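Residue numbers (UniProt numbering), protein chains in the order written: chain P, 1 to 339; chain Z, 1 to 339.
Honestly, the hints are just simulated from the structure, not real lab data. Model, not experiment: these values are computed from the prediction. Incorrect hints may have been included.
The list treats identical chains as one, so a pair stands whether inside a single copy or across any two.
Unchecked claim - Simulated pairs of lysine-lysine, BS3-like, Cα-Cα distance not exceeding 25 Å:
| id | residue 1 | residue 2 |
| --- | --- | --- |
| 1 | Lys277 | Lys142 |
| 2 | Lys202 | Lys257 |
| 3 | Lys26 | Lys86 |
| 4 | Lys86 | Lys332 |
| 5 | Lys86 | Lys31 |
| 6 | Lys277 | Lys202 |
| 7 | Lys142 | Lys86 |
There are 2 protein chains.
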Amino acid sequence: MFDCVALVGATGAVGRIVLDQLHARKFPMRKLRLLASARSAGTQVRFGDEMLTVELMEPSAFEGVDLVIASTPDEVSAEFTPWAVKAGAIVVDESAYWRMDPTVPLIVPEVNPEAVDGHQGVIASPNCSTTQMVVALAPLHKAVGIRRVIVSTYQATSGAGLAGNVELESSTRASLDGQAHSPETFQHPIGFNLIPQIGSEKHLGYTSEEMKMVHETQKILGDDSIQVCPTAVRVPVAIGHSESILVETREPITAEKARELWEAADGITVVDDLNAKSYPMPRDCDGKDDVFIGRIRQDISSDNGIAFWCVSDNLRKGAATNAVQIAELLAKKHQPAAR
Amino acid sequence: MFDCVALVGATGAVGRIVLDQLHARKFPMRKLRLLASARSAGTQVRFGDEMLTVELMEPSAFEGVDLVIASTPDEVSAEFTPWAVKAGAIVVDESAYWRMDPTVPLIVPEVNPEAVDGHQGVIASPNCSTTQMVVALAPLHKAVGIRRVIVSTYQATSGAGLAGNVELESSTRASLDGQAHSPETFQHPIGFNLIPQIGSEKHLGYTSEEMKMVHETQKILGDDSIQVCPTAVRVPVAIGHSESILVETREPITAEKARELWEAADGITVVDDLNAKSYPMPRDCDGKDDVFIGRIRQDISSDNGIAFWCVSDNLRKGAATNAVQIAELLAKKHQPAAR
């Protein structure tokens, strides 16, 4: 049980769901405070039957806070996190800013819950594309070892926040009506289009989003020898990231065995019956917490490979749900301090 | 110069473009006839300044025809092709029916034009997803040899014909308006969704569309040792198939060298400057004949690999344009017979 939890970024696309999840999962806390920049301070936000007022986030705002769950841009996280840690809070941060810091655990509770013990005040939640992928990879990695991952993503517009979905709708309507439409959130028109760029150039022609999938996967699975070749693509879908994944394993594994491992794993739902037209699709996964896996096949291009299709709600397991699950891990260990 | 060319399926999504291309490219023929089933017979169709009347396709309709260009379902091709060949015509067929017949050349003119010489009356044009991929693969295969291809597709709704695009629009509008919508052409709602199934189960959990990409690629490149692992996905885009491709080559090749080979190749346009937000997208490739390649990168998960993104108008190079190009190869060799 935490005395006081602060939510930073409660009015954003992910923050709203964190709020819902804290309520729905009956998160063990006595008090919840909402913090944000001057732009949102003063806003009233519903939490269950209560109305909470968003407070201005400044260094003194973290006094008495035990736990912070934050969903903000990287530069905001860089600024406020030291304030919160100095005030004695543990920060569960969804931004990319701390993820690759060697002193910061990067956690997916189904995969590496034990890493939470090493924290020094900050715990990071991974990139949305990485989270659902490592949930899928972990049971295979544990059973037969993963050597290499080739992944092509089909990422929803809500990955760019509420503005992404507003632009998907306006761009789509403009296209249906034969009107011109200038993109603001995305690099190009997203309605009835695909944009093979998420983030900016980072390494050898790979984008920042793609390199997150390389480095975060290695860190979470605790194995830098795992090779990852990602291609990240924005698609005209509102909610739910999809991934076409080919895994090469160290030991051979059949598609049937992979399916068994996934069916037995926490946080995974297998939806896989091609003849019944049954497989995961973003529309069906919207609003659900699990990672959904289907189209499970033996790789027909190598000896030790499994191909599959993986979909998850990027705002939930990809962000809010994972952060709340990390907070639940902390809650189990937390002894309230005398203040 | 052909005396008489017959177009079968002129009122379909691809047939309309074949008609446009025959006119725009000034195809060498004295007479054009349009043939179709009883449903379309009698329809008037514009060809340049002329209005042509669609005639009923029956065995006697092929008398005096030198060349047939056909865009029909497989079962229609199975029926009419023997009639046309018996009447002495050469058939360029876009259906899947004859493609894997060992007596039928499967041609992409930039890749294997020489195979046209072996025909016995029927020449097949490949599946749309395969055509754009082999155009991209051929220069690499020639230079350094291709060992393996891992491809995830992002396929437009027009791949399912005019009805596919009608359904994309109605499904999207229903979703925007919060209305229910029952799919007819696709297995599931396509508006703001992804459907990871094109075709039906064919081999070890791979679909018919996916297995076409395996077998047709091997046949066109003339190398059955090339391994292909495809995942075919329908996306809410009207025109233009996109593919995220990882190629493993026999000899090492740099991304720079691959780019040079593609820039020098016929039928390929390289659009590749990530920092300038420049890469192929379906909206930009709609209505163009080339195969567009971008996001060219060294594979960071293997020693001999190139990752890239490939987009082409599935109704043009993926279908109509390729068939007309095959017909042009034949026209160069054709000596009109005395009748």
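Right, here's what the structure says about each hint:
no., hint, result
1, Lys277 <-> Lys142, "neither (30 Å within a copy, 39 Å between copies)"
2, Lys202 <-> Lys257, "between (37 Å within a copy, 21 Å between copies)"
3, Lys26 <-> Lys86, "neither (28 Å within a copy, 77 Å between copies)"
4, Lys86 <-> Lys332, "within (23 Å within a copy, 80 Å between copies)"
5, Lys86 <-> Lys31, "within (20 Å within a copy, 85 Å between copies)"
6, Lys277 <-> Lys202, "between (39 Å within a copy, 13 Å between copies)"
7, Lys142 <-> Lys86, "neither (37 Å within a copy, 62 Å between copies)"
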